[in-house]
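*Asks:* Sequence:
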Amino acid sequence: LVHSTRDSVNDADASLLSLRVGTKFGVVSHTFRVETKADLTYWTKAISQCLQSAVVRTKEAVFRMFKN
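Quick note on my numbering: the sequence shown kicks off at -18 and runs consecutively.
In silico DSSO-like links for lysine-lysine, alpha-carbon gap of 30 Å or less:
#1 LYS48 <-> LYS5
#2 LYS26 <-> LYS40
#3 LYS40 <-> LYS5
#4 LYS26 <-> LYS5
Cβ pair distances, simulated, as ranges:
#5 VAL2 <-> GLU41: 15 to 21 Å
#6 MET46 <-> LEU(-3): 26 to 32 Å
#7 MET46 <-> ARG14: 28 to 34 Å
#8 ASP20 <-> ALA42: 27 to 33 Å
#9 LEU32 <-> PHE6: 14 to 20 Å
#10 ARG14 <-> VAL43: 30 to 36 Å
#11 LYS40 <-> LEU(-3): 33 to 39 Å
#12 LYS40 <-> PHE6: 20 to 26 Å
#13 PHE47 <-> LYS18: 30 to 36 Å
Worth flagging that the hints you see were computed from the coordinates, not collected in a lab. Glycine included, each C-beta is placed from N, C-alpha and C at the ideal position.
Kindly generate the complete structure, drawing on both the sequences and the hints.
*Replies:* This is the structure in structure tokens:
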């Protein structure tokens, strides 16, 4: 999770959820729009649980500096 913000451009009661994911081809950003706080909570929890599960199953990790 990179950040979440309210959509103030349209004065709508929506939030934007941004994720930055590292792949073997580089870093990819995804932005999702959620309508309610419950949706934001659900997606944040679901993504966190999936990432934690993936890390537990990972047998090898490689760390590299990205542009610095």
